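Fit chain B to the given chain A structure using the hints.
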Amino acid sequence: MSSYSYKRYPYVRPKELEAPGERRPVVIVGAGIAGPTLALSLGTRGVPVVLLDDDDTVSLGSRSICQAKHSLEVWDRFGIAKRMVEKGITWDRGEVYLRDKPVFRFNLQPEPGHKFPAFVNLQQYYVEEYLYERCATEPAIEMRHRNKVVAVSSRDDGVTVTVETPDGRYDLETDWLVACDGVRSSVRHLLGLSYPGEVFNDQFLIADVRLKGDLPRERRFWFYPPFHPSNSVLLHRQADDILRVDFQLGRDADAEEEKKPESIDRRLRQMFGPDARWEHEWSSVYTFTCRMMERFVHGRVIFAGDAAHVVSPFGARGGNAAVADADNLAWKLARVIAGKSPASLLDSYCSERRAASRENIRQSTRSTDFITPKFEAARRFRDATLALAKDFPFARALINSGRLSVPTAHTGSPLDTPDVDDDWTGGPPPGRAMIDAPRGDGWLIDGLGQDFTVLSFDGPADAADVPVVALECSGLAARRYDAQPGTTYLIRPDRYVAARWRHYDRVAVRAALARATGQ
Amino acid sequence: MEGALRRTLNLSQPDDVYNAIVDAHKGLSEEECRTFDARLILLLVNHIGDEEVIREALKAAKAS
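Chains as they are written, first to last, in this note's numbering: chain A, 1 to 519; chain B, 520 to 583.
Don't read these hints as lab results, they were simulated from the structure. None of the values given here were measured: they were computed from a predicted structure. Just so you know, even glycine gets a beta-carbon here, dropped at the ideal spot from N, CA and C. Fair warning: there could be bad hints in the mix.
Derived coverage of chain B by chain A (criterion: at least 3 residues anywhere in the stretch with Cβ under 8 Å from a Cβ of chain A; other residues may be distant) [unchecked claim]:
| id | region |
| --- | --- |
| 1 | 522–530 |
| 2 | 533–544 |
| 3 | 547–559 |
Next up, chain A with everything else stripped away, as it sits in the complex (with noise of 0.2 Å):
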């Protein structure tokens, strides 16, 4: 059914079924998008990874297709998002119709000069691809396929994982245990962990197209169309001339009929007419959840992506939570296995991805509250929004089809240092992920390494042992950095800004970063 080729990844018999290994640093279980990010982040670091994964092959279906820009910025680094860029769909902009006519427009990234737009839509199957065939060339990354953890033994010191595989099981002893094994993780199960949260009873119908001729860039939602006039659809497009349609079913539709090829094609027929011809890639009807576990952090275990967190799909917070996860993850676990850190550091882990979960529940939870109103009232205000949408702007920005993933404020965190100044009038404050700018004939991003740098605004180039990055007070990231002459920034590894000042003060920038790496 699908015109992508699903490579198979070989098995290969590991050496501890012979006799006991080395002790690891970090095991990972999962290869989804959590868990290849996060080897990479660590790998490239340095640090040796094994990369447990029970399947052989990649995501089957599409599922998680907008990749935001954050995440690229985070693959960049691995030298994998121009091939995603390339391969994929660029898009920044959204319509809304209210039945045949459009109510609503909004363009995500309005002013140009970043490096990565908005989001690319490709299809998990092929990020997935991208990200195992960097891990394979990745010296510290051992990726283990056909590898299932059935056990899972935690102590103070280090994690012993039982692991089965076609020719039987063997253990693995581990520092740090990381969970990337998805919403049902084994990991969760195994350690008889709970997965509190709300679910939700809507039904939705994805069903993934291949359909010749001028397809739109640009996300489309409709509420109560003509040819599906109960209720919403949203149409996307990702790679390889394939569209995305999501019809929203109901609570009492019949999921094993509506899953039916030609219950399938009796509704893309009303929708794409009389001549239109397609042929199926993928379907599923699915409900959802909003789920997130109380911490994230269990000893030497630690949860991230789905495994941790779930979010409704409306809003692409789903694969771009889990990036941001291993992108906060990976830094700090590097510094606390070269005994840079206290392990303490993870704490912060587990409460400004916590925040973020939070976060993007709230958002998700919102835009399927407006999508699939729960009671009378609600319906009615969504329709009275709606109504008004035509007339008024301010109901156009009220119309809420899926607020779209942006990297997640973290205020407050005790890695961060206040402002002291207090002149600011803009750019991003601590706890706030960077913004890209061009500098020279590139990108601002492209100046920074794998390790806290500071952005010096004609200001010293060198800083308290921190990489500088030099920038002029003058120019598009001058503006979005608020800066005046000795303006300073300190950016986090993940491309959070941990501090700022109006001037250079070497032991500021000492304590801020004390501070930031948990000592």
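Positioned in the frame of chain A, the structure of chain B alone reads:
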């Protein structure tokens, strides 16, 4: 046709306000919703104070 009634967005956190209004109706019956909305409208109308604005809003709510 720009009148006294503001047509553009006047809220810094529109989603917060929208959800606060919707959530306030949670668990209310149809009858209770009407009573609640009547009180809410009167409170807001008094705060706005400008009769021209209120009359325009009355027309717009009917026409949309």
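So, going through the hints one by one against the coordinates:
1. 522–530: Contact hint for the region 522–530 of chain B vs chain A: holds, 6 residues under 8 Å.
2. 533–544: Check passed, 7 qualifying residues.
3. 547–559: holds (count 3)
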